[in-house]
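K.L.:
Given next are the chains, with one letter for each unit.
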Amino acid sequence: MTELPLSGIRVCDLTWVIAGPTATRILADFGAEVIRVEHGQAADPIRFGRPIAGERPTLNNSGFFNYFNRNKKSVLLNVRHPMGMEVLQRLIRVSDVVIENFSSGVLESWGLDYAAQRAINPGIIYCSISGFGHTGRDRHYTTWGPTAQALSGLTLMSGLPGKPPAGWGYSYLDHTAGYYAAIAIMMALHHRNMTGEGQAIDIAQVETGMVLAGPAVLDFTVNGRSWLREGMPPGNRAWEPAMAPHNTYRCAGEDRWVAIAVRNDAEWEALRRAMGEPAWAADARFATAAGRLAHQDELDRGIGAWTQERDAYQVMATLQTAGVPAGVCQTAGDRVERDPQLAARGWWTTMPHPELGDAGIDGVAPRLSKTPGTNRTASPLMGEHTYEVMTAMLGMSAEEYAELEAQGVFM
Amino acid sequence: MSGPLAGLRVVERCGALGQYAGKLLADMGADVVKVEPPGGSAARAIGPFVDDVPGPDRSLNFWYFNTNKRSVVVDFAEQDGVATWRELAAAADVVIEDGKPGELDRLGAGYRAVAPQAPGLIWCAMTPFGQDGPWAEYEATDMVALALGGAMMMNGYDPEDAEEAPPIRGHGDQGYLTACHYAVQGILAALLWRDRTGEGQFIDCSAHEAISSTTEVALPYWFTQRVNVIRQTVRHAAATRTERWLYRAGDGRWVLVFGVGRDNASWKRIKEWFQSEGFGLQFDEPRFDDPLNRQAARGSPEAAEIFAELGRFIAAHTAEEVYRGGQERRQAWGIVRSPEEALFDPHWDDRGFWAEVEGEGRDGRPVRMPGAPYRFGATPWELRRPAPKLGEHTGEVLAEWLGRET
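First to last, the sequence lines map onto chains A and B. Under this note's numbering, the first residue of the first sequence is numbered 127, with each subsequent residue one higher. Under this note's numbering, the first residue of the second sequence is numbered 531, with each subsequent residue one higher.
Hints in this document: simulated from the structure, not taken from any laboratory. Any given hint could turn out to be false.
Claimed, not checked - Not close to chain A: a few residues of chain B, all C-beta gaps over 10 Å, as computed:
#, residue
1, Arg600
2, Ala613
3, Ala677
4, Asp691
5, Leu721
6, Phe732
7, Asn758
8, Ala769
9, Gln812
10, Gln825
11, Gly841
12, Arg842
13, Pro876
14, Arg892
15, Gly907
16, Ala908
Said to hold, decoys possible - Not everything, but these chain B residues come out facing chain A in the computed CB check (under 7 Å):
#, residue
17, Val583
18, Arg636
19, Pro750
20, Phe837
21, Ala838
22, Leu840
To be verified - Here are some chain B residues pointing at chain A (derived, C-beta under 7 Å):
#, residue
23, Met558
24, Val603
25, Met673
26, Gly680
27, Met683
28, Tyr687
29, Pro689
30, Leu718
31, Thr909
32, Pro910
33, Leu913
Beta carbons are placed, not taken as given, at the ideal position from N, Cα and C, and that holds for glycine.
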């Protein structure tokens, strides 16, 4: 097998739902051996998550699960059984990384806080993702992605003025908390390469959103300005840097939109010409950035009248050819079926899966020239690798395996 | 103690797109040198500014995204400027740049010109669409990148909240930040490879691919069922409409409530809370006992009654009361805050989350801004210096890295 940057790194993956599995997807893409530890009595809800192939969830037919769990292995382990807990400790002993995204305090209640893990494996890197972290008065509070988005301010920063917040239509901070976990683990692996020292990493999902709103916080602490004010959030108009026109415009067809941003006078001139120099756009008030910012309603009406009769991709091509930043608001279907850039760069592929068939999947970002991340296997079936991991990795004999299985350890 | 990247030398030539990648490395101990033109990085012109007065050292965007870096001015218009850049790049472990594809190559300042002298060099090129392909030369802003990457098509409104509403972009340059998250993942993977082999490599980081990888359920729906999801107010885009999560509390603020009573234990806690304040007295009737009757998606009269009562209860409380009351009863409810409101939530003080910086126009009065996204036990995040003034470290770095007399 091709050597990858994380080849030889073993991850004991206790994560579920989205944030944790996002982190381990990245580690697995770059070659880590990721072993999902799963329990039939408390299955990852995403194994039932829609979309599914067929009528009823089977634990193994979720396209949602498949997307976040490629390249990983799955073992069934009943950690509520004393022998199951002992097997988990054996797995930790031969792992480089332990990662979980339970509520804070869960691993401690299993007797597996960092001190206990270190006693089993002195070089272990232990990464925890929880809603509010392991310290602080509200550490027992819990989050879903949208909770963290709301508390960090990101939800409020998305919406039309005078309307309720629009927020994010998915768990953006589940992705992002996962990204920070993968980044933290790789930094800790580098530090371990340099010094031999492992460590514990505590990630609070809300904090991974708060760090994404730095300039807005500084506008308050320096200038005393809050996003809770008239006209905010500004919809798809620009906050900073200020520019106009800057918006989404309706195009021909059902729910089709194009985003257009004009950063300077030259781009405004280019847009004006690309629209065929309509009379309204020759107005001197639009010749300067300040004038355009002051008359955005008229600008947006004029541009919208031009776009609404045109195909969104045509508008984008016309404007990009003229040097104006413009992009279609693409659906997932657009990205997979129409986007010439992703197609030309070979972004999409399929991997065979017993219940999903040839399941679609995307590539690995970013692209490393010598050791790019790879798609090797679709997501594992529940417990697909239990026997292999127990025998080949932990050195159990077939008899020991059978005995533990009979005791209900592998369920 | 110092960060896990102590000793790592990074050269960064980035504006708004790539500057956060440099910060993520610098905040964890790397020595990050920001190479700027004589007029300063384009990011120095991004507001808001201190007291709304523009100036190269007054951009709050720059203050935030350039902590722990040093600034060196190099003029690429001068022949020896390009040579200085090449020497700095060759002396570094990592280069991050967000120029257009081929821009640095045409100046003799790209990866191809430097790599032969620096076999261990990791060079991360960040662009909107990648180094090749039909859109490689296209222009993008953060909004355009979020539109094409698919994020915007998932954010928006139910028709009853805003009719005919467009897809909505979340603010804060989230598309650029997502690209930086991926750039750093790639740089660290390449660094781990170099730890083992000594080999460097080139990294092609496309914001378009990074954003497209950050749209959760959208791609699985297309791959599995050839369905595009629809936008809904403050909740997950889905194949069909789902129950509302957003409620307005008595003080006019918004809270997120993910239903009530999915399971019997949480139903009991919520019911007791409501009834202790005179709400939901009918909930003791046996028809509410079956969890299936309590699920809005099934359209039962009991679910409709529960949701009506929930709305009444929330309207009679402040958002803070709803948020904390729900959390104390193990519900992952939230309150829609403005970013700065977290400054007044003592939990983040308990964790020592905030960092304090000083800067131009503040007369030595430090201000708070967000700190660490992660807590490392042995090698913590650390604010060693505020964002650099333009060219503040030119002489120092040229002497230290290249041995030049100043």
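K.L.:
Could you work out which of the previously given hints the structure breaks and list their numbers from low to high?
P.N.:
3, 4, 5, 6, 7, 8, 13, 14, 15, 16, 17, 18, 20, 21, 22, 24, 29, 32 and 33
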